[in-house]
Amino acid sequence: MLLSVRDLRMYYKTKMGYVKAVDGISFDLDQGESLGIVGESGCGKTSISMTILRLLPDNAEFKGGSVLFDMGNGPVDLVNLPESEMRKYRWRGISMIFQAAMNSLNPVYKVGDQIIEAIQNHFPDMPLDKARQKVAELFTLVGLDPSRMDQYPHQYSGGMKQRAVIAMALACDPKIIIADEPTTALDVIVQDRILKEIRKIQRKLNMAMIYISHDIAVIAEVSDKIAVMYAGKFVELADAVTIFKQPMHPYTYGLMHAFPSTVGEKTELVTIPGEPPNLLNPPKGCRFAPRCPKADSVCSEVEPEYRELEKNHFVACHHPVQPKEVVRFYAE
Amino acid sequence: MTEMVVAEPLWKIRLKLWIRSLRTGWELFKEKKLALFGLGVIIFFAIFGLLYPLYPVVMKNLFWKHDSFGYQTFMPYDPIVGFDPDIMSHPSPPSLRHPLGTDPLGRDILAMIMYSTPREFVLGITAALITVIIGTIIGASAAYYGGVIDTFFMRLADIVMLFPSLALLMVLSAFMELTLFRLALIMGILAGFGSITLVLKAQALTVKVRPFIDAAKSTGASDAYIIFKHIIPNILPLSFLYMMFNVTGAIFTEAVLSFLGLANIRMSWGVIIQMAESSGYLMGASIGMYWWLWLPAGVCITLLCSSFYFLGRGLEEIVNPRLRKR
Amino acid sequence: MLKFLGKRVLQIVVLLFIYVTVVYWLIEAMPGSFVDQYLLNPKLTPEIRENLKRQFGFDKPAHIRYLIYMKNFLTLDLGISFSYFPTRVTTIIAERLPRTVFLFVTSTLVSYVLGYNLGKRAAWKRSGLLDKTTTFVGIVFWTIFLPLLAIFNIWLFGVILKILPLNQFIDPNLWKSAPLSAQTIFIRLLLTALVFLIVFLIALLISNRLKTIPAKKTVLYTSSITTIVVSIVIWILSGYSTYAWDIIKHMVLPVLTLTLYSFAGSMLVMRDTMLDVIREDYITTAKAKGLPDNVVRDKHAARNALLPLVTNFVISLGFTVGGGIITETMFSWPGIGRAYLEALNTQDTPLLIGLLVFTGIFVLIAHLVADVLYAVLDPRIRY
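Chains as they are written, first to last, in our numbering: chain L, 1 to 332; chain E, 333 to 658; chain G, 659 to 1041.
Source of the hints: derived by calculation from the structure; they are not laboratory data. Accuracy of the hints is not assured; some may be wrong.
[Stated by the list, open to error] Some chain L residues close to chain G (C-beta under 7 Å, calculated; not the full set):
#1 Met16
#2 Ser104
#3 Leu105
#4 Val108
[To be verified] Pairs of lysine-lysine, BS3-like flavour, derived with a Cα cap of 30 Å:
#5 E:Lys561 <-> E:Lys344
#6 E:Lys365 <-> G:Lys790
#7 G:Lys945 <-> L:Lys88
#8 G:Lys875 <-> L:Lys88
#9 G:Lys834 <-> G:Lys820
[Unchecked claim] Sample of chain E residues at the chain G side, in silico, Cβ under 7 Å:
#10 Leu494
#11 Leu568
#12 Pro569
#13 Phe591
#14 Ile633
#15 Thr634
It should be emphasised that the depicted structure is a prediction, and the values quoted were computed from it without experimental measurement. From the three backbone atoms N, C-alpha and C, an ideal C-beta is built for every residue, glycine too.
Construct the complete structure from the given sequences, taking the supplied hints into account.
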């Protein structure tokens, strides 16, 4: 297994108490596989990626769990690695395409140089001309003109910056790329084209990917497996088809029906009433219970176990949605 | 049309909102230890200055009970014409009768410092207030009108910034008697047309593009109404903050001018040090021997200046979101 | 770039003319000029009085005198000083300018280097020990009553530790038999410093092209140390080293005082901008690339925070000029600032105008330098 996350917990310490942003997350990722993590904003999905790469602010605290990462020489637990060792795994092992690609490029350095910086950081022996050649290849791969590598970020358009950021993420041939809302700031047409290209490159290079987005349509397009996150926890994880065809968690069900589908039969659009809980003191029992139409007294008392209900289909729910069942969400 | 039901008059609601924002501001402010320290020192000096009238009374009852004749004649605790006839040579080092010693003319240093304290406050706050009023109005109008008015005031600010303000005040001291109030007025006006307009204009520009300005315009509000009712209240926190920094600047400049003997102020902290300088006690190796002539007054200037600065920085961290902690 | 520079120079020339005009009329309006005092001297016969008036140009109305002054100003003739009659104002300024420029440039450079380094470290570990102490100490020095700092420094280094001379520019006893004037030695010292600065800048440029950090350091350190050693050897061989050393010893305290007084300005700006920059996404990206902490801090964060620091340089100029006047007065340092105070006391109007005009030119040149620096540092600006 390439990446194996087990019961990962990371809280932010604030004056009011702990914000439980990542609260017992487990998943596996294999070579060439792509996992999509979907959830509302503020549910902690960005914190997962930051926790895996350990790019956390000072007030973040690990509260347990492990991130086992295997670069080919046996699994290493990234959580307990000293900082100097951890640096070797960043970008070389796991790289990232950040949420705001527009701002991920330093405005005062040439784009090419910023990529070369990453390469030379991990391969100090690579001569400059070879590094430049590598950047040129990467630019071609992502559909950028290699002559643009000596330009500054402000000379790029939004879509070009996005491509440059993807090229940068590929620079050290990482095993895994985490793409956090990789296309949110772009218009829909560019968004679609770039997603397709990422997918193509991923297949070509046989890399593993983790996509993070609030937009289930984006996730559906690029992921083999989809995890649905709610209030710091995974509520459901299965392969993409199953999640769409037969969601078992009421929250997933709600999400599926909250976006209009352009293919297949017309279904009623539903919205989930209420607000996601405050991660400072999330509700006891099931965190989705206050908004769940199927919730009963057990749900608000006992926290549901995250278990494999069917093969490779993990759900955390006391009353999973049955096939053909229709769940109705009512506004209060 | 439905009638709006307002249970409370508008001013009451405003007052409540104001008190609430004040309270949250205080919660944030409490954590800024340096700003608290600054506020503490400022309050200390305010009380210290206000206690001045009591000082001679206390000293008289302690040391001059049996020599009220000498006390009446020489007024040993008068900051300007005082003299202590019982001490052979002035300046005299700190003693029980004169906790901070006397100056070369035989005046009590502590009395001089206490007497000057309220004057420093008046000077600093007057100058800063004038600066901020001018800067706020110009900054808001320049941002609101733009065009010629904007260009004019910005170029004016360029020229004002070109003049080293201390050098200019030194020239002005040759024109006129720089009394406390005149000095405050001139410093206030000079600084008001300077760099503060740039800062406040930048802030006003961010207010100008907010929707409520357009909303006010569409209801037919006059330009002056929009500037005073909508733009200025929104840049006031920043103005207030710059006021703190300007208090520092004004007190400092007054002290320097007095020290150089260029201001016509009878008594101030700067004058105390000038007295020591002009009578030659700051020359050469004797500098450390007569420390009470310059050290207490110098420390007072520094303390008060830095306190206002600390306070200003603390407020800045509250007002300016980019300095807040995540 | 050239077009921008041309435009900026033009702006500056216009600004300078407005400034000179304002200064001229301001001083002209000053009541009771030197000449009046001079002319009221009862010993002077009316003829001599008229003669003197004509010589100083006071027989003509004020606006004509202004035009004449502006005409002369264009040929860089600022008239004749009253108090140093018949020395030209330009001669006095030429003698004193190097001293002030030296004091000013050295303390500004040192305080910016100090402010940059402290500010970036303070912000990187916000609320850490360094942040707290530097902020506190910095603000205290920034708002300290400058004469107090000067007195304290003289007292500490001159009286208590006895390692540095008290004040003044040179030690008169030593120079009685000196073969060269202090000014000549001082200019030579300045030239040495200039050579060192140029070597350092070239080394910096070269080391920027180099790839590895040890190579960069080697180039920088060897070239700097070699230049220092070579110049010291040349000075010793020339036989003037005792005199040069005397000047240097007298320079330490003023420079130290002005530096202490002004470093917090750049430090606080640097800290505040760094706090802002640290939140940017490209900083997270740089960390994610696996770059070492200090590379992220220096190469990515501090480099971007440098831009407002340049702007601050222009804004704080007036402040430093004021500080310069006080420092020169306190240390009897015969530069522009002290000449200014002397001219004011003797009501030497031509010298006063000349000094103010020169300060203006100096500040405007600094503006231009800052503009160019900004354009070099920020690739987004292409005029």
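Consistency of the hints with the structure:
1. This hint is violated: Met16 of chain L has a C-beta 19 Å from the nearest C-beta of chain G, more than the 7 Å allowed.
2. Among the interface hints, the one on Ser104 of chain L holds; its C-beta lies about 4 Å from the nearest C-beta in chain G, closer than the 7 Å criterion.
3. Interface hint at Leu105 of chain L: satisfied, since its Cβ lies 6 Å from the closest Cβ of chain G, which is below the 7 Å cut-off.
4. The beta carbon of Val108 of chain L comes within 6 Å of a beta carbon in chain G, closer than 7 Å, and the hint placing it at the interface holds.
5. Of the supplied pair hints, the one linking Lys561 of chain E and Lys344 of chain E holds, its CA atoms being roughly 18 Å apart against a limit of 30 Å.
6. For a cut-off of 30 Å, the pair hint linking Lys365 of chain E to Lys790 of chain G stands: about 10 Å separates their Cα positions.
7. Between Lys945 of chain G and Lys88 of chain L the alpha-carbon distance is near 11 Å, which keeps this suggested pair within the 30 Å criterion.
8. Distance check on the hinted pair: Lys875 of chain G and Lys88 of chain L sit about 24 Å apart at the alpha-carbon level, within 30 Å; holds.
9. Straight-line distance between C-alpha atoms of Lys834 of chain G and Lys820 of chain G comes to about 23 Å, which keeps the hinted pair within the 30 Å bound.
10. Satisfaction of the interface hint for Leu494 of chain E is found here, the shortest Cβ-Cβ separation to chain G being roughly 6 Å, below the 7 Å cut-off.
11. For the restraint placing Leu568 of chain E at the interface with chain G, the shortest Cβ-Cβ distance is roughly 21 Å, beyond the 7 Å limit, so the hint is violated.
12. Taken as an interface hint, Pro569 of chain E does not check out: its beta carbon lies about 17 Å from the nearest beta carbon of chain G, beyond 7 Å.
13. The interface hint given for Phe591 of chain E is met, as the beta carbon of that residue sits about 5 Å from the closest beta carbon of chain G, less than 7 Å.
14. The closest approach between the C-beta of Ile633 of chain E and any C-beta of chain G is roughly 4 Å, which is under the 7 Å cut-off, so the hint is satisfied.
15. Hint status for Thr634 of chain E relative to chain G: holds, with the closest Cβ pair at about 5 Å, below 7 Å.
Checked against the numbered hints above, the structure violates hints 1, 11 and 12; every other hint is satisfied.
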